[in-house]
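> Read off the chains here:
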Amino acid sequence: MNNVLQIAWLIPILPLIGFMINGAGRNVLSKGISGFIGSAVVFASFLLSVYVFIQVKNGNTHVAHYFNFISVDFLKIAFDFKIDQLSSLFLLIITGVGFLIHVYSTSYMHEEPAKDFAKYFAYLNLFVFSMLILVMGANYVIMFIGWEGVGLCSYLLIGYWFKNNDYTNAANKAFIMNRIGDLGFLLAVFWLIAKAGTVSFDEVFSAATLAKLSTTDITGITLLLFVGATGKSAQIPLYTWLPDAMAGPTPVSALIHAATMVTAGIYMIARSNILYTMAPLTQGVVAIVGLTTAVLAATIALKQNDIKKVLAYSTVSQLGYMFLGLGVGAYTGAVFHVMTHAFFKALLFLGAGSVIHAMGGEQDMRNMGGLKRYMGTTHLTFLLGCLAIAGMPPFSGFFSKDEILAAAYANNPVLWGIGVITAMMTAFYMFRLYAMTFVGKFRGTHEQEHHLHESPAAITIPLIILALLAVIGGWVGIPEVFMHGGHRLEAFLEPVFEQSNAITVKHELSHATEYMLMGISVAGALIALLYAWNKFSKYEKTEVPSAGFSKLVENKWYVDEIYNAIIVQPLRSLSVFFNNVVEKKGIDGLVNGTGKAVNYGSRQLRWLQSGQVGAYVLLMVIGILVLFIIQLFL
Amino acid sequence: MGSYITFPELLIWLPLLAGILCFFTKREQSARSLALLFSLIILGISAASLFYTGTKYATWNAVIYFYPNNIGNTFFVGLDGTGRLLSFLTALAFPIIFIATYKNNYKNAASFYGLMLLTQSGLMGVFCSMDALLFYFFWELALIPVYFLCSKWGGEKRIQATFKFFVYTFTGSLLMLTGIIYVYLHTSGKVFEDGTQVAHSFALSSFYNATLSGQEQNWLFWLFFIAFAVKMPVFPFHTWQPDTYDQSPTSVTMVLSGIMVKMGLFGVVRWLIPLFPLATVKFSHIVMVLSIIGIIYASCIAIVQDNLKKLVAYSSIAHIGLMCAALFAMNQVSVQGVMLQMFNHGINIIGLWIVVDLLEKQTGVKQISKLAGVANKAPVLTILLVIIALANIALPLTNAFTGEFLMFSGLYKFNPWYAAVAGIGIILSAVYTLNMIQKVFYGNTVSTTEAIKDISWNEKFILGFIVCLIFIIGIYPQPVIDLTREAVTALVSKIK
Amino acid sequence: MDIKAYIVLALTLFTIGIIGVLVRRNAIIIFMCVELMLNAVNLLLVAFSKMHAVSTAAKALPTFASDAQIFVFFIMVVAAAEVSVGLAIIVMLYRNTHSVDVNFLNRLKN
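Chains as they are written, first to last, in the numbering used here: chain A, 100 to 733; chain B, 8 to 503; chain C, 199 to 308.
Next up, chain A with everything else stripped away, as it sits in the complex (with noise of 0.2 Å):
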């Protein structure tokens, strides 16, 4: 109990009181005093985190008891904050690149009314807060808490414009789609229990509670848990939500692309790794389902013309090499991957913010171009953020992916051969991307034109800070092949995965095709980007309908109408059938027409009531003649 890092609690506590602050006197606070307020509970979190991450760094790791949440028979759950490497990571992720969008929001959303700046301050802290709880849970419940919490935030955050009927459908598909997955991820959790009878990590983990497990039960669990992280992380079949997540706010996009929320399932994985290297089948599915999602989103965002649709695209097509590695094992690669592309991608969300902010909301690339001259600061660290996503070297996106790619090849080489293929189609979009917004000249309206600028220094140097980091972020994970030891993350991360390390068989790739692979990747990026540098540096606006292919790509796959014929609209039909044939017609009609029976029996049976005493008597012995006839023939 005396442990010092039994303070963990103070981490998501802090962003917590900042959200009631905020939320509570949102009708006082000034824009300054919520913008500081919300931002600085975030930095405290973040000064703690880096404590945190440094006793960790030293060898203390925690499990944090503070109360018991539910306790039924066998049931146990406690409210635990677990404390490791794993977490501290994603601790000072989360609360450093949240605390950069906080600082960035403040500027970025200066135009909006008081009221509703101190809200968005209040999700965004509470946004932060579920993201802390998630990764700090010590069990798969408290998890659960933070998992539905930044489902929830989201779908706050993305319908923050609540007057707009589009952005609040986009929130509420957000939730529905990744309710789909949380779905997934309790029934994982329910069998752990049915089964495990526990659903805390250390318990879960431990080598007597894998041996309870049959290798059913954990390709099971596994795959349920995957399902939870294919909603939350955006992946095929419950990806779509995330484009359309575009609807918030900018910075949110960077917080829910870069520093949260997606990362959850990626995390979740991460944390289970025992439970997946234990059941081969699930890892087949996850590299199968990471891959293809990371093809699919590539090619889709090879024909988007909104800034931010490139981008989101960019983050599913991410997110998918990220499973590719949890799912050939290579877990530091994808934790990793995580790290470098929350620099990243959060430097290129907020670097588009600021050019969605200096053009005045548009955000049509076809409408842009040549912004170059008009904001250097914004250029170049985007461009640097555009290299480390095309995982150029030495940029931080090169190791990252370069271990992913590497492990690939070491399961099979048919994976890695379409993760390069992917990789060059990152370089391409990102590229034209790059070339579309700040290269050639201006293709906006005069207005735009004039209104062009520079964005303020707290837009700026939270996109300076984040591009040294996108540049230097990789070097912490260098590849054996260059510097012996030089894969300092690998060797923090090994207390977390060994369990998983031990049970592998370690495929070790011979330098030379080391070398050959990263020379392939790098090649391949770097013929794709200078095609696209090529083709759209000088790009003029067309308006040619594009067909076949291009027009499929362009219309995302048609997924969303796929999706709408199949599951949205069977719903709505069976559920308009429901009331108004079986609730209406079916058992109402049957408890009414009960009623109607007897109604109508009543009804004939009144006419014998006739009044006339004649009738009455005849009646009578007609009755007692029935009544004699009965008693002697019958």
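Hints may be right or wrong, so weigh each one.
With a Cα cut of at most 30 Å, we get these calculated DSSO-like pairs of lysine-lysine [as the list claims (entries may be wrong)]:
no., chain 1, residue 1, chain 2, residue 2
1, B, Lys501, B, Lys289
2, B, Lys446, A, Lys655
3, B, Lys467, B, Lys368
4, B, Lys420, A, Lys175
5, A, Lys655, A, Lys402
6, A, Lys262, B, Lys467
7, B, Lys501, A, Lys294
8, A, Lys214, B, Lys460
9, B, Lys384, A, Lys214
10, A, Lys218, A, Lys408
11, B, Lys197, B, Lys63
12, B, Lys446, B, Lys110
13, B, Lys446, A, Lys408
14, A, Lys683, B, Lys159
15, A, Lys262, B, Lys384
16, B, Lys373, A, Lys684
17, A, Lys262, A, Lys218
18, A, Lys262, B, Lys377
19, B, Lys373, B, Lys159
20, B, Lys377, A, Lys218
21, A, Lys214, B, Lys446
22, B, Lys317, B, Lys368
23, B, Lys368, A, Lys218
24, A, Lys695, B, Lys317
25, B, Lys373, A, Lys683
26, B, Lys317, A, Lys262
27, B, Lys460, A, Lys130
28, A, Lys683, B, Lys446
Please keep in mind that the hints were generated in silico from the structure rather than gathered at the bench.
Following the hints, position chains B and C against chain A.
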């Protein structure tokens, strides 16, 4: 206390007394204040009863009176864990309802409040009685004032709706009465403490020990179950509910949905399962399948429902379906979840009704399609509603999550497929709740919602109180769980 | 005399009474027919009583089997009371409606 008067007696007689007093008040204001005052006193007593548990205070919690010319029926009332929880819910609900509708004006307010308090007395009696005949008496006593309340103060189609309600519930009640008499005839004789000797007895313990063959249990089970299923209601006995909820005055709807539906579940817990354990095991699958069909079915209808009140009604049917299914899973975890959820559901649905009532009062419409953009005009109301609605769809850290979590894990243990199919209800509940929020609260205002005002002090207070309860139980549900632990253990052991 | 003769007579009287009640509309005649039926029953009672009284089993008994004859007196007393009430009703009826037709008395219908 104890040797003079007991908790259950206070809980039953005080509302009755208050109700009768209300009938004699002259002015609306005095009836209202009297009702509120008494309901608060009852709440205080009920809250106190939560702390005086255990064998040490046994004499405070149970009492038995005999009648002369005994046929084996007694006035035997007592509080066990389940009864304590539900009587507390009842005691809590009435002040909430009275405060929330404090500004409503009723014609003939004296009778209105009088009947409301009579209902409370009946409900308390149901939750406290330990004697079958007494239980039946209170069961009807709770029903009759509601009938008058609906038919006198209801909406346009109130006569039709109340008639349906009455016929449904009364049919169920009569079936149950038949069952009670049959079981009574199969109880063994008993010698009471005062020396009276009877051939048969209505006492709960005699009923539990009645000698019933498996065959007899089979059909008696259905006699009782239909009575309880109508009250809950379980698919396909539910069609009275949306109509009644729609047509009743909202405060009565709150009583109906918040507490009355719990009578059905309580009946299952107190009478059905302990009386017919063999039949329970035999028919649990049928009941659970019906309940689960009900979850999906009601959720689907809620999705396309345009009437706000009916939407809440169908959502309630779906939630009750889950509770019924979990109850028949009959393991400690699921039943504990049901206990917790009975309380939570009562709180949450009353909160929802308060909001619906506010909207209807201010705009005069209850069609979702005619409302929009309320959030622009009434932000506080929107925030409170969103929280309550999220509790309704069982978001973690709200009270319903813990309940549903336990119910689902118990259900899963019983049969994974049931849990999986019932789980679809979680998704559907999000669909209809979010749709409702989006259509009613988001968007731009329309003519109906143009003049809407944010909520006043009493509603703000009471909704705030409900929201606090939602979070407190959501974060620390253990006290509520502990309250019913012994009762649940006893119940579950009946099956094994 | 053979018992059959009494039975036939009683049945005839009773049938006449029934048919009278059924077909006639005059309240007084219906009333008389009802009396006729009562008396048919009386006749039967007396006849059977006599029959049992002369049977050998009854002779052995110390007391005379007089139950049925007591019944007859009962019926006569009740019939007398009935006549007084019934006739009063019919008189009141006539005063109100100036008719003794029973089919006229269907105002309770509907």
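> Now, for every hint given, state plainly whether the structure supports it.
Each hint, compared with the structure:
1. B:Lys501 to B:Lys289: 14 Å, holds
2. B:Lys446 to A:Lys655: 28 Å, holds
3. B:Lys467 to B:Lys368: 16 Å, holds
4. B:Lys420 to A:Lys175: 16 Å, holds
5. A:Lys655 to A:Lys402: 9 Å, holds
6. A:Lys262 to B:Lys467: OK: lysine 262 of chain A and lysine 467 of chain B at ~24 Å, within 30 Å.
7. B:Lys501 to A:Lys294: Holds: lysine 501 of chain B and lysine 294 of chain A sit about 24 Å apart, inside 30 Å.
8. A:Lys214 to B:Lys460: 18 Å, holds
9. B:Lys384 to A:Lys214: With a Cα-Cα distance of about 14 Å, the restraint between lysine 384 of chain B and lysine 214 of chain A holds, given a limit of 30 Å.
10. A:Lys218 to A:Lys408: With Cα atoms ~25 Å apart, lysine 218 of chain A and lysine 408 of chain A stay inside 30 Å; holds.
11. B:Lys197 to B:Lys63: 26 Å, holds
12. B:Lys446 to B:Lys110: 27 Å, holds
13. B:Lys446 to A:Lys408: The given pair, whose Cα atoms are some 26 Å apart, holds under the 30 Å limit.
14. A:Lys683 to B:Lys159: 26 Å, holds
15. A:Lys262 to B:Lys384: 12 Å, holds
16. B:Lys373 to A:Lys684: 23 Å, holds
17. A:Lys262 to A:Lys218: 15 Å, holds
18. A:Lys262 to B:Lys377: 16 Å, holds
19. B:Lys373 to B:Lys159: Holds. Lysine 373 of chain B to lysine 159 of chain B sits at ~20 Å (cutoff 30 Å).
20. B:Lys377 to A:Lys218: 27 Å, holds
21. A:Lys214 to B:Lys446: At roughly 22 Å apart (the allowed maximum being 30 Å), lysine 446 of chain B and lysine 214 of chain A satisfy the hint.
22. B:Lys317 to B:Lys368: Roughly 16 Å between the alpha carbons, so the hint for lysine 317 of chain B and lysine 368 of chain B holds.
23. B:Lys368 to A:Lys218: Given that 30 Å is the threshold and the Cα spacing comes to 28 Å, the pair holds.
24. A:Lys695 to B:Lys317: 24 Å, holds
25. B:Lys373 to A:Lys683: 20 Å, holds
26. B:Lys317 to A:Lys262: 26 Å, holds
27. B:Lys460 to A:Lys130: 26 Å, holds
28. A:Lys683 to B:Lys446: Distance of about 25 Å is within 30 Å: holds.
Of the hints listed earlier, there is not a single one the structure fails to meet.
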